[in-house]
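There are 2 protein chains.
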Amino acid sequence: MSLTALADALGSSRLVTDPDVMDAYTRDEAHLATPGRPLAVLIADSAEDVVAAMKWATAHRVPVVPRGAGSGLAGGATAIDGCLVVSTAAMRTIVELNAADQLAVVQAGVVNADLDGAAAEHGLMYAPDPSSYQISTIGGNIATNAGGLRCVKYGVTRDSVLGLEVVLADGRILRTGHRTVKGVAGYDLTGLLVGSEGTLGIVTSATVRLRPRPPREPATIVGSFGSLRAAADAVAAVVRAGIGPSLLELIDRATLAAIDEWKRIGLEPGTEAMLIAQADGPDADEAATAIERHFTEAGADFVAVSRDPAESAQLLEIRRLAYPAAERLGQCLVEDVGVPRSRLPEMVESIEEISRRHAVTVMTVAHAGDGNVHPTFVFDRLADGSVPDAVWTAADEVFRRALDLGGTLTGEHGVGVLKRRWMALEVGEAGLDIHHAVKAAFDPLGLMNPGKGF
Amino acid sequence: MSLTALADALGSSRLVTDPDVMDAYTRDEAHLATPGRPLAVLIADSAEDVVAAMKWATAHRVPVVPRGAGSGLAGGATAIDGCLVVSTAAMRTIVELNAADQLAVVQAGVVNADLDGAAAEHGLMYAPDPSSYQISTIGGNIATNAGGLRCVKYGVTRDSVLGLEVVLADGRILRTGHRTVKGVAGYDLTGLLVGSEGTLGIVTSATVRLRPRPPREPATIVGSFGSLRAAADAVAAVVRAGIGPSLLELIDRATLAAIDEWKRIGLEPGTEAMLIAQADGPDADEAATAIERHFTEAGADFVAVSRDPAESAQLLEIRRLAYPAAERLGQCLVEDVGVPRSRLPEMVESIEEISRRHAVTVMTVAHAGDGNVHPTFVFDRLADGSVPDAVWTAADEVFRRALDLGGTLTGEHGVGVLKRRWMALEVGEAGLDIHHAVKAAFDPLGLMNPGKGF
Numbered sequence: 001m002s003l004t005a006l007a008d009a010l011g012s013s014r015l016v017t018d019p020d021v022m023d024a025y026t027r028d029e030a031h032l033a034t035p036g037r038p039l040a041v042l043i044a045d046s047a048e049d050v051v052a053a054m055k056w057a058t059a060h061r062v063p064v065v066p067r068g069a070g071s072g073l074a075g076g077a078t079a080i081d082g083c084l085v086v087s088t089a090a091m092r093t094i095v096e097l098n099a100a101d102q103l104a105v106v107q108a109g110v111v112n113a114d115l116d117g118a119a120a121e122h123g124l125m126y127a128p129d130p131s132s133y134q135i136s137t138i139g140g141n142i143a144t145n146a147g148g149l150r151c152v153k154y155g156v157t158r159d160s161v162l163g164l165e166v167v168l169a170d171g172r173i174l175r176t177g178h179r180t181v182k183g184v185a186g187y188d189l190t191g192l193l194v195g196s197e198g199t200l201g202i203v204t205s206a207t208v209r210l211r212p213r214p215p216r217e218p219a220t221i222v223g224s225f226g227s228l229r230a231a232a233d234a235v236a237a238v239v240r241a242g243i244g245p246s247l248l249e250l251i252d253r254a255t256l257a258a259i260d261e262w263k264r265i266g267l268e269p270g271t272e273a274m275l276i277a278q279a280d281g282p283d284a285d286e287a288a289t290a291i292e293r294h295f296t297e298a299g300a301d302f303v304a305v306s307r308d309p310a311e312s313a314q315l316l317e318i319r320r321l322a323y324p325a326a327e328r329l330g331q332c333l334v335e336d337v338g339v340p341r342s343r344l345p346e347m348v349e350s351i352e353e354i355s356r357r358h359a360v361t362v363m364t365v366a367h368a369g370d371g372n373v374h375p376t377f378v379f380d381r382l383a384d385g386s387v388p389d390a391v392w393t394a395a396d397e398v399f400r401r402a403l404d405l406g407g408t409l410t411g412e413h414g415v416g417v418l419k420r421r422w423m424a425l426e427v428g429e430a431g432l433d434i435h436h437a438v439k440a441a442f443d444p445l446g447l448m449n450p451g452k453g454f
Numbered sequence: 001m002s003l004t005a006l007a008d009a010l011g012s013s014r015l016v017t018d019p020d021v022m023d024a025y026t027r028d029e030a031h032l033a034t035p036g037r038p039l040a041v042l043i044a045d046s047a048e049d050v051v052a053a054m055k056w057a058t059a060h061r062v063p064v065v066p067r068g069a070g071s072g073l074a075g076g077a078t079a080i081d082g083c084l085v086v087s088t089a090a091m092r093t094i095v096e097l098n099a100a101d102q103l104a105v106v107q108a109g110v111v112n113a114d115l116d117g118a119a120a121e122h123g124l125m126y127a128p129d130p131s132s133y134q135i136s137t138i139g140g141n142i143a144t145n146a147g148g149l150r151c152v153k154y155g156v157t158r159d160s161v162l163g164l165e166v167v168l169a170d171g172r173i174l175r176t177g178h179r180t181v182k183g184v185a186g187y188d189l190t191g192l193l194v195g196s197e198g199t200l201g202i203v204t205s206a207t208v209r210l211r212p213r214p215p216r217e218p219a220t221i222v223g224s225f226g227s228l229r230a231a232a233d234a235v236a237a238v239v240r241a242g243i244g245p246s247l248l249e250l251i252d253r254a255t256l257a258a259i260d261e262w263k264r265i266g267l268e269p270g271t272e273a274m275l276i277a278q279a280d281g282p283d284a285d286e287a288a289t290a291i292e293r294h295f296t297e298a299g300a301d302f303v304a305v306s307r308d309p310a311e312s313a314q315l316l317e318i319r320r321l322a323y324p325a326a327e328r329l330g331q332c333l334v335e336d337v338g339v340p341r342s343r344l345p346e347m348v349e350s351i352e353e354i355s356r357r358h359a360v361t362v363m364t365v366a367h368a369g370d371g372n373v374h375p376t377f378v379f380d381r382l383a384d385g386s387v388p389d390a391v392w393t394a395a396d397e398v399f400r401r402a403l404d405l406g407g408t409l410t411g412e413h414g415v416g417v418l419k420r421r422w423m424a425l426e427v428g429e430a431g432l433d434i435h436h437a438v439k440a441a442f443d444p445l446g447l448m449n450p451g452k453g454f
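Those sequence lines, one after another, are chains R and S. Per UniProt numbering, the first sequence starts with residue 1, numbered consecutively. Per UniProt numbering, the second sequence starts with residue 1, numbered consecutively.
In case anyone wonders, no lab produced these hints; they're calculated from the structure. There's no promise every hint is true.
What the hints assert, rightly or not - Distance windows between CB atoms, simulated:
1) 95/R / 309/S: 42 to 48 Å
2) 123/R / 357/S: 36 to 42 Å
3) 400/S / 92/R: 31 to 37 Å
4) 60/S / 99/R: 54 to 60 Å
5) 92/R / 317/S: 48 to 54 Å
Don't be surprised by glycine CBs; every beta carbon is placed ideally from N, CA and C.
Hey, can you work out the whole structure from these sequences and the hints?
Okay, structure coming up:
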């Protein structure tokens, strides 16, 4: 295994072997995953160098762990012993921004917010906005099929990816998709690669769809409710009415209490849940009025509508504080189940019941308009550094409950290493077999991110 | 090869071997494709019987050609010698229509319009509306990833499919996807199967997304233009402005002339193109006014806006007459290229130039808002029944031009048998290799619809 041969084959990309430097490249934000020790880390700056790395890895049978910014929550970028880590985070060029065709061609390391900012200069936006949008890369967003707040209206990452440039395990370059909004020549390999968590190839570049930016600031509607059920009813009413909010978030009492304790947001006693919605587009005012009415009719104790950008930003900030507020209280396992939208009340109530029964603190926020629920398990590690059994037992029950309700283990974070053992429950035996066969079709030697996803 | 063994294994499905009856099941609407002679036709009425058929086919190495209503335009349902044709068109049950979760579970043979009609009773719609919507099945729409008029706003079939039940080549049942709007557990097998033209398995049931039905009739805007370029400029302006029409169709002079000759629509001399747009939703009036203004500013000779349902239907009828008007003039090859939206004028002008140079009549309509162009080649067969060389030569040039402009061979019809020989041009050698490997992952014996797609 000559790293020298790899170093010689590279252009200007950096090959790191210093253990202290490598350490930062061995993990993502899934703190419960235990990383192995890589052979080396490649900080790639071109597709050609990724090609060289994969040819070398194939020749020497070295497993490869691709990564973007490392903001993933499921351990998809966790290094394994003896692997080559390939980071595309330094490939930050926006190659083309085409306003007429409302698309951009970007290298994998372009940060989500940077692309959205560049699009804004042309009156456009890059719609997918995971909470990590200020640091996460388009390549990482594609690997996990990242969601976000505004995907309730504009769809997930997959809905914004038109085509990909991918380096395959054997070093060949595969180009998928096109620059058109429609196209059915052959299998949808673009869609297959989005969300494949680095197990099929390494995305080096993407052609993504941009959308017209709403012409003005959205209207923001906030409502507080005396019961979770009332808040969930309000969500169902908004969805049923076809209003199409651009954001519809639920925050539970435990999360609100943690934020209030920290930032003093003036939480009223008796508030069990808060909803924050936004409406953009030409009918934003009409939509905001309708959402306000649905909140009131569902029994909100308090509803307010703001059309002031500064005030809207303050209201959204409450939502963004949910995770840091949880982190103040202990170790966090951020979960990510999804259920059909009508089952949201049952899911949230089940989470509360499971939390009580196992005496595990769980704080829940939800992309309620999508039925995507993030229960965060908050706990202290045991003396030996391990996770209390009750945490995984409670998480197991949450996963099974989501599946029983017709839902999914993961709405937007991915399976990574943390959720592999539940995969057969969701996709079934035939589904797992097909996953293995598809994986072998792309990567017959099993070198691409082994041990991740399924 | 004992058909008796198959017949014995079936429940109430019909097995047809009468050559006269079988004939209707050997072809679709791709009249240039030459069908072979099947061994038998299975008119399935349950997934269990499709399972039995695939187990039998695998045991006896019999190739299988799946089909829905047979309205395809690329020959994806063309029978081959010695095959078993499996029709799912008789599986017409809407298993569930869930208004709260805005989804339906349907058997593969449910007709598109029947599903949309059932959804309408709940204030919902099934958005994908291929021109064949009154006869084509959801299973067939899924196999081809069908588009349609309103997909400029609501997306193609793939964007409305949440999950599938598929019978694999070996007779196992694969269930993909979920009942949630988001989900990233494992590979997007649902998306991979949509548009796979029956080469990976047979769809027996689907969970599809329904959307809120716009609360009232759309506004319709029609404009006539003295040049194709002006019409294309109007399209670009509407797209750029982010208006989001629910329909935006272009009809060229040759098509208008054929319709006028037949139905006397009062075509003005000098009209080179017509645009028909619709706007729905709460801001329909505002959008219609904006579209009218963009048409005028781009140089329309005439613009009219109608909010009257009967008049709107009449205007749309002009668009629907395009294909029957062409069929009156001779044999038709309906093509289906897609280009980035800004390249629409170049594509349409290239088609006119190619038509003139090869002296082949071409009549063009386009889902202009998507850059999806349907040039219909109209010709007389030669004395021996064959297609004049000039037709395929001209079509070849149209395909290559679309690819040169960053486009695709097929926006919504599929590759079938008619476009296979151009596939390598679009997907490349690595892409073809991956197609074959993915195919083998699902269907190692190569029994599923051999000779189709790639």
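Does the Cβ distance between residue 60/S and residue 99/R fall inside 54 to 60 Å?
The hinted range 54 to 60 Å holds for residue 60/S and residue 99/R, with Cβ atoms some 57 Å apart.
Starting from the hint 36 to 42 Å, judge whether the C-beta atoms of residue 123/R and residue 357/S obey it.
holds, 40 Å
Honestly, do residue 95/R and residue 309/S meet the 42 to 48 Å range at C-beta?
holds, 47 Å
Cβ distance range 31 to 37 Å for residue 400/S and residue 92/R, holds or violated:
With Cβ atoms ~35 Å apart, the hint holds.
Can you let me know if the beta-carbon spacing of residue 92/R and residue 317/S is within 48 to 54 Å?
holds, 52 Å
Hint compliance for this structure: no hint is broken.
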